[in-house]
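K.L.:
Next come the chains, spelled out residue by residue.
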Amino acid sequence: MREFITQPWSWWFSGAMIASIMFFLLYFGKSFGFSSNLRTICAAAGLGKKTKFFDFDWKAQRWNLMFLIGAIIGGWIAGQFLSNGEPVAISAATIEDLSKLGISAPEALQPNELFSMEAVFSLKGFLLLSFGGLMVGFGSRYAGGCTSGHAISGLSDLQWPSLVAVIGFFLGGLLMTHFILPLIF
Amino acid sequence: MKYIKFIILGIVFGIVMSKSEAISWFRIQEMFRFQAFHMYGIIGTAVTLGVIGVFLIKKFQVRDFDDNPIQFFPKEKSIFRYLVGGTIFGLGWALSGACPGPMVVNIGYGYFALIVVFFFAIVGTYLYGVVKNKLPH
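Residue numbers (this note's numbering), protein chains in the order written: chain U, 1 to 185; chain A, 186 to 322.
Any given hint might turn out to be false.
[What the hints assert, rightly or not] A partial selection of chain U residues facing chain A, derived with a Cβ cut-off under 10 Å:
hint, residue
1, 1
2, 38
3, 60
4, 71
5, 102
6, 123
7, 169
8, 181
9, 182
To be clear, the hints were calculated from the coordinates, so they are not data collected in a lab. Yeah, the Cβ is synthetic: ideal placement off N, Cα and C, and Gly gets one too.
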């Protein structure tokens, strides 16, 4: 049993679980969209006094902040109790491509070159992490949602604006992966 | 106590995202290089079940926990904001290997570097709020 739980979970089980989470949120009268939390945090920090976009009743969104706190706890549980410590089993082709960029094969879940404390406290590492976050935050609000709001909730409701957003996610992702990352690393 | 169910759903989300390895930068790279089915399988399964479920909810006018009809709000019709905003999001997603949910899951998992990413995602959202009215949508 323990081995069953600690090995990586299959795509179909994980996908079904994500759909279930969306349905539970709908059943509780809410909707699945994580990036709204970023706006809520800005509003809760009092930024609505100067910027109208953050002047709304953020307390109505507390349920989503609770979901966020749960997500942190879930990550902690997975890391502490449900992990077998094996490196991510990505394809050999990806390992080879990444080695050309100077990123070594997985030793855990994340690459040391980007996420070790050493990387965080280097100028380049810090800039990469901060620009990555900046674009995700700016882009998700500009597009009105992120992977959960558009790719999962929006596509499930067959909304074409969400499909346009998902096409954008991929355009940006392909551009970064194939043209910009080789220039950075 | 009315919030406990959302904390539990969040915990399940955090565990699933970790155990499916969807929070891994490596998996996102593999996806954008089309070198494995894994991430497509996760998103594809979720969306397929999602489409069927949402269709059934609408067809049978399913009611929620408080006995209110489950509603879906159509998104504002436009192309520009979704395409441009989405592209900016995608650039950040492939660079940091995480969208907003996985950022916080990673922090819980023990990858504290993602605190920087998450903080700047908040800053990015703030910047959008400041310049919003000057941007085409």
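K.L.:
State for each hint whether it applies.
P.N.:
Hints and how they fare:
Taking 10 Å as the C-beta contact cut-off toward chain A, the hint placing residue 1 of chain U at the interface is violated, the least distance being around 14 Å. Look at residue 38 of chain U: its Cβ gets to within about 4 Å of chain A, closer than 10 Å, so that hint holds up. Because the beta carbon of residue 60 of chain U sits about 12 Å from the nearest beta carbon in chain A, more than 10 Å, this interface hint is broken. Annotation: interface hint on residue 71 of chain U holds; nearest CB of chain A at approximately 4 Å, less than 10 Å.
Taken as an interface hint, residue 102 of chain U does not check out: its beta carbon lies about 13 Å from the nearest beta carbon of chain A, beyond 10 Å. About 13 Å separates the beta-carbon of residue 123 of chain U from the nearest beta-carbon of chain A, more than 10 Å, and the hint is not met. Annotation: residue 169 of chain U was flagged as interfacial toward chain A, and the flag holds, the nearest CB pair being 4 Å apart, inside 10 Å. Given hint, residue 181 of chain U at the interface with chain A, holds; its Cβ is 7 Å from that chain's nearest Cβ, closer than 10 Å.
The restraint placing residue 182 of chain U at the interface with chain A is violated, with a minimum CB-CB distance near 12 Å, outside the 10 Å limit.
Violation of the numbered hints given earlier is confined to hints 1, 3, 5, 6, 9; the remaining hints are satisfied by the structure.
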